[in-house]
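S.K.: Sequence lines, in order, name chains A and B. Residue numbering for the first sequence follows the numbering used here, beginning at 285 and increasing consecutively. Residue numbering for the second sequence follows the numbering used here, beginning at 46 and increasing consecutively.
Note that these hints are calculated values from the structure, not bench results. Computed from a predicted structure; not experimentally measured. Quick reminder that beta carbons are idealized off the backbone N, C-alpha and C, glycines included. Honestly, I wouldn't trust all of these hints.
Anything over 10 angstroms on all C-beta distances counts as not near chain B; from chain A, calculated [to be verified]:
1) E292
2) E311
3) P338
4) E385
5) R412
6) S451
7) P456
8) E460
9) L469
10) E473
11) N489
12) I490
13) E505
14) D516
Here's a subset of chain A near chain B, in silico, CB distances under 10 angstroms, partners left out [claimed, not checked]:
15) E339
16) A360
17) K365
18) Q370
19) Q376
20) F378
21) N386
22) H392
23) I393
24) T396
25) A421
26) S440
27) L452
28) L454
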Amino acid sequence: MLVLNNIEVVFDNVILVLKGISIEAKEGAITTILGANGAGKTTTLKGISGLLRPERGDVTRGSIEYNGERIDQLSAHETVKKGIVQVFEGRQVFEHLTAEENLIAGGHIVSTARMKENLEKVYEYFPRVYERREVQAGYLSGGEQQMLAIGRALMSDPKLVLFDEPSLGLAPMIIEEIFGIIKRLNKEENLTVLLVEQNATLALNIAEYGYVMENGSIVLEGSAEALRENADIKEFYLGISSGEKKSFRDVKHYRRRKRWLG
Amino acid sequence: MEWQFLFELSVNGLLTGMMYALIAVGFVLIYKSTDAINFAQGEFVMIAAIVVAGMATNYGFPLIAAIAVGLVFMIVFNLALERFVLRPMIGRPIVAIIMATIGLALVLQGAGPLVFGAGTKPLDIGVPDEPLIIGPLFMTPIDVVGAAISIAFLAVFGWFFMKSRKGVAMRAVADSHMTSIAMGINVERYFALAWILAGVVALLGGLVWGSAIGVDTQMAALGLKVFPVVILGGLDSIIGVVIGGLIIGLVEALAAGYVDPFVGGGTKDFTPYVLMILVLMFRPYGMFGKPIIERI
Chain A
285 MLVLNNIEVV
295 FDNVILVLKG
305 ISIEAKEGAI
315 TTILGANGAG
325 KTTTLKGISG
335 LLRPERGDVT
345 RGSIEYNGER
355 IDQLSAHETV
365 KKGIVQVFEG
375 RQVFEHLTAE
385 ENLIAGGHIV
395 STARMKENLE
405 KVYEYFPRVY
415 ERREVQAGYL
425 SGGEQQMLAI
435 GRALMSDPKL
445 VLFDEPSLGL
455 APMIIEEIFG
465 IIKRLNKEEN
475 LTVLLVEQNA
485 TLALNIAEYG
495 YVMENGSIVL
505 EGSAEALREN
515 ADIKEFYLGI
525 SSGEKKSFRD
535 VKHYRRRKRW
545 LG
Chain B
46 MEWQFLFELS
56 VNGLLTGMMY
66 ALIAVGFVLI
76 YKSTDAINFA
86 QGEFVMIAAI
96 VVAGMATNYG
106 FPLIAAIAVG
116 LVFMIVFNLA
126 LERFVLRPMI
136 GRPIVAIIMA
146 TIGLALVLQG
156 AGPLVFGAGT
166 KPLDIGVPDE
176 PLIIGPLFMT
186 PIDVVGAAIS
196 IAFLAVFGWF
206 FMKSRKGVAM
216 RAVADSHMTS
226 IAMGINVERY
236 FALAWILAGV
246 VALLGGLVWG
256 SAIGVDTQMA
266 ALGLKVFPVV
276 ILGGLDSIIG
286 VVIGGLIIGL
296 VEALAAGYVD
306 PFVGGGTKDF
316 TPYVLMILVL
326 MFRPYGMFGK
336 PIIERI
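So that you can see chain B by itself, here it is in the shape it has in the complex:
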């Protein structure tokens, strides 16, 4: 029976890990194109979920309409953000952009409940609650759906980044702003695109996580939660984020299953950070991030 317990923990951990990857890819997007870490990514996820759940519960919108409103909101919001807050900072120290995103995170945490109320809202995207039982395996359906959405999005996104001309241009922008401008690449437009994509992925994450854990300001903590994932995978690698997500999901599940009974619980919450610190000690750019190229 022991191996069965392990198997179940692992599968559920991996599913959660895929859902982490979906949030984490938002960081990667912004970092890859603008070189800044968006500390408000968790708040993006929260605000997207709050808008969708708020439209559905407060105003009685059908789910599809609520999601459409959420999507439009995230696109417009991020476009405005890029245009009025972040674009004036192009060419300024990166830390200025980072501080701006931290400020933004706090504003969003206040603004969300202000508009839609602070209570936890349910978000039902039509996934049944009964556990899925395959042979000896128990799984939560929302985890399976979440993992599937993650995989689908990451596959599309990975193709876009690695193969399409726009993706190449986006990576060029990430590599050097000045040189990209000199190649005729409209850097500002690619920044806007990156922020829009970050908004869309936040919406997907918000839907999946919102229906898994309920929608309130607590969701913003997801941003911090996936930090080990991002660090582990390397801030600029999509495949790294997937593997990082899987590892963190697995470690969390195993810690919860095997260590918690002895220490009374709670190990799940900090083991990812322990792992993050260990990785940073040995590979400061993450396990899959781009190393700084030094030619000799």
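Same shape as in the complex, but just chain A:
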């Protein structure tokens, strides 16, 4: 459904942030991109949704194809019309609008009738948002804001949703609830999901396929199952070690491995 073909992203014409990324998000599947801070995950998502240009970034090489059509040069409001919507890191709700107005703004591109239907659907998925619909979004709790941000994204009838660290800054219980909802949306609404996460355990639990990014390159990829079993992933992302203390040399081994993979 979505294919990133060896893309390069450059900011301000000089800063090379993505160095040849190839990723595929299959229709109806949950695909995850794992990686530490600064790996380029968010940049990848912004490249897809067309949000790089307002930040003076650009896809300079490679192509991004959505259902066989190139979308790397589209502006953000056009990609939304194509059915791709991004849920930002850190929620980014419209703080001074009420929860309901946030949703209305999210449904900006659909007809009024369709917007009302979608509103009902979102309230079904997120009863908590319904209870707090009259409250200014800035005063909602972090979990409620995340639900609102997801609901807002659903308002535009998307086929593909890009989630940017939905677990950021939330309590473990809320995170599980949010991930449960993402899984449900994937199953019930046949939503294709591209999920960027630092929380590898959770992401690999709901995803079918995963990529590991470091320093602007993909260093590992595979089915979620294979990644869960991968020794390096276990060690560095899942925090499961084989028991004895690791020495610095092993860490270096990993660095070496990364170098030739990337």
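Take the given structure of chain A and dock chain B to it, following the hints.
M.R.: Relative to the frame of chain A, chain B by itself:
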């Protein structure tokens, strides 16, 4: 008799206040959607009035035609302004936009008289000059008409902003440009809409104020004059601007009525600013502006 004097001052002050609100709402429009303060709003009012009065007196256009020309001029002018001056600045520091509007203000102050001559022109929108006398109350008809136009426009405008989908989108744009873009909102189009509306409201203000005080470059000072109104009400609140306008109108009238006789006049001109400074000390975002939301 004392209370009657007070009553009369108050009513006239409130009428003037409504007319201030009409000018002030132009600031709110731009600030709400683009986060910038348009320092040329007073000049917009001036240029709109100059165009209408100039067409009527210099070229003998009937009033309706002159107003139509003014309207088209303001829309085209503001669209061009948005497209060629302000859009390239999207994503740049807000202060760049503010400086651009200050430059624009100076250009307009020069350009208006250049085209239509510098003399004060009358602008007659068909409101009689004889004072309106209701019981013990003296009122200037243009003040009443001006206040009525303000109320009508602000009501329509308030509904648009708070209830319509476009209004919600516009407020979303004001809240965050990036997030709005990501929702499929064509931010540039909403900027253009905001500037067009600011032009239209400037035209209304120009008509009302032009017929009240005559049309010349002095009108641009209205922009500064309503600054206390905008600050008082909060830059982003329509209802705030109305209340701010009423308060400033009232304070001015009362200062002129009660303080001027003792100090020899002129208090009317600075009391609004004193009030503005006081408000800024206690509520930096105005009395009705959106406070910065901090979640703990």
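S.K.: Now tell me if each hint is right for this structure.
M.R.: So, going through the hints one by one against the coordinates:
1. E292: The assertion about E292 of chain A holds, with a minimum of 22 angstroms to chain B.
2. E311: holds, 21 angstroms
3. P338: Given a closest Cβ separation of 5 angstroms, the condition is violated.
4. E385: About 5 angstroms separates E385 of chain A from the closest Cβ of chain B, which leaves it inside 10 angstroms; violated.
5. R412: Correct as stated: the minimum Cβ-Cβ distance to chain B is 16 angstroms, above 10 angstroms.
6. S451: holds, 18 angstroms
7. P456: holds, 19 angstroms
8. E460: With a cut-off of 10 angstroms, E460 of chain A remains clear of chain B, as the shortest Cβ separation is near 22 angstroms.
9. L469: holds, 18 angstroms
10. E473: holds, 18 angstroms
11. N489: Label holds. Min Cβ-Cβ 27 angstroms, cutoff 10 angstroms.
12. I490: Given that every Cβ of chain B is farther than 10 angstroms from that of I490 of chain A, nearest at about 23 angstroms, it holds.
13. E505: holds, 27 angstroms
14. D516: holds, 34 angstroms
15. E339: holds, 8 angstroms
16. A360: This interface hint holds because 4 angstroms falls under the 10 angstroms limit.
17. K365: Holds. Min distance 6 angstroms.
18. Q370: At 5 angstroms from the nearest chain B Cβ, Q370 of chain A passes the 10 angstroms test, so the hint holds.
19. Q376: Interface hint status for Q376 of chain A: holds (5 angstroms vs cutoff 10 angstroms).
20. F378: holds, 4 angstroms
21. N386: Holds, about 8 angstroms.
22. H392: Hint on H392 of chain A: holds, closest Cβ of chain B at ~5 angstroms, below 10 angstroms.
23. I393: Since the shortest Cβ distance to chain B is 4 angstroms, the answer is holds.
24. T396: holds, 7 angstroms
25. A421: holds, 9 angstroms
26. S440: holds, 6 angstroms
27. L452: violated, 14 angstroms
28. L454: Violated: closest Cβ of chain B sits about 13 angstroms from L454 of chain A, beyond 10 angstroms.
Hints 3, 4, 27 and 28 from the earlier list are contradicted by this structure; the remaining hints agree with it.
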